[in-house]
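Residue numbers for the sequence shown, in the working numbering: 1 to 252.
Do not rely on the hints blindly, as some may be mistaken.
To be verified - Derived PhoX-like pairs: lysine-lysine, alpha-carbon spacing no greater than 25 Å straight-line:
#1 131 / 105
#2 226 / 33
#3 105 / 226
#4 165 / 30
#5 105 / 142
#6 165 / 142
Said to hold, decoys possible - So the derived label-pair ranges between C-beta atoms look like this:
#7 212 / 130: 39 to 47 Å
#8 117 / 71: 12 to 20 Å
#9 89 / 235: 36 to 44 Å
#10 252 / 200: 35 to 43 Å
#11 33 / 89: 23 to 31 Å
#12 179 / 245: 13 to 21 Å
#13 239 / 200: 20 to 28 Å
Bear in mind the hints are in silico, worked out from the structure with no lab data behind them.
The model shown is predicted, which means the values in this text are computed figures rather than measured ones.
Glycine included, C-beta positions come from ideal geometry on N, C-alpha and C.
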Amino acid sequence: MTEEPKTLNEPAPLSAGVLIIGSLFWEAEKGRKEWQDARLDMASAKAVTAPIRYGRKARTRGDSFTMVFFRLCPSGTAKLVSCSRTISTAQDLIAEAEHLWKAEKPDATPHRIASNWGCVAVLCNPNPERKIPDEILEGWSKRVAAEDRYGNVPQTEAEGPLITKGGLLQIEWPRVVDGGAAAQPDILLVTATHPDLMGTPRCYPSVETIVRAWNSAGSHSEYFWKNTDSGIRTFQDDQIRELLHPRGWWQA
1 MTEEPKTLNE
11 PAPLSAGVLI
21 IGSLFWEAEK
31 GRKEWQDARL
41 DMASAKAVTA
51 PIRYGRKART
61 RGDSFTMVFF
71 RLCPSGTAKL
81 VSCSRTISTA
91 QDLIAEAEHL
101 WKAEKPDATP
111 HRIASNWGCV
121 AVLCNPNPER
131 KIPDEILEGW
141 SKRVAAEDRY
151 GNVPQTEAEG
161 PLITKGGLLQ
171 IEWPRVVDGG
181 AAAQPDILLV
191 TATHPDLMGT
201 PRCYPSVETI
211 VRAWNSAGSH
221 SEYFWKNTDS
231 GIRTFQDDQI
241 RELLHPRGWW
251 QA
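With the hints as extra help, turn the sequences into a complete structure.
Shown next, in the form of structure tokens:
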């Protein structure tokens, strides 16, 4: 039986990508390589702008710091990787989010998109010609509402919410570093993790605090070096490099 032709009113599938700000890009362990091979076009990776900094203390990395979004900081450089599949329905978007979260948290229960330390959010291309169909965003919003511990990313008083109740990340749309053009996908998936804010009023850890943790964490300081090797960078990197022990110091 031949397929019936699509109606003229049926929307074209959406192009999708993942905005990656850390080890999800370069770490092959924990099933991440399998996720990349199955769901992403790694050859499409581009360096793009993103407001990122070091700010989450990770137990799995010796209590050293990993990356978070910070809406008020100068732009850094993240990686945008295209998804292998297009998005035609809310369920398509939800499936990509669930696979992304499983790559981010390998021990997660299947079909989750959040934990108490982070969640998957969505960023929509602001170009009016790339409008996301309402039914896809409504389906995503319903999925988010059904997820325990979704959102509620800690923020400083000056920032405001990073993620809306509908599961949308509130940062500027990324631009390609080489040339400055707006990134091409219609929709992006992103993992937003919770920063560890300190003091009163609450603030992000200083460069000195971040470096002190890496200098005490042995090989876990490779997190910084592997990010920079991969072209994932923050406005803090030059200051960090001045204070950080030389690469491989723990092997001496």
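Do the hints match the structure? See the list:
no. : hint                  : verdict
1   : 131 / 105             : violated, 31 Å
2   : 226 / 33              : holds, 16 Å
3   : 105 / 226             : holds, 19 Å
4   : 165 / 30              : violated, 30 Å
5   : 105 / 142             : holds, 22 Å
6   : 165 / 142             : holds, 10 Å
7   : 212 / 130: 39 to 47 Å : holds, 44 Å
8   : 117 / 71: 12 to 20 Å  : holds, 19 Å
9   : 89 / 235: 36 to 44 Å  : holds, 38 Å
10  : 252 / 200: 35 to 43 Å : holds, 39 Å
11  : 33 / 89: 23 to 31 Å   : holds, 28 Å
12  : 179 / 245: 13 to 21 Å : violated, 36 Å
13  : 239 / 200: 20 to 28 Å : holds, 24 Å
Hint compliance for this structure: hints 1, 4, 12 are not met, and every other hint is.
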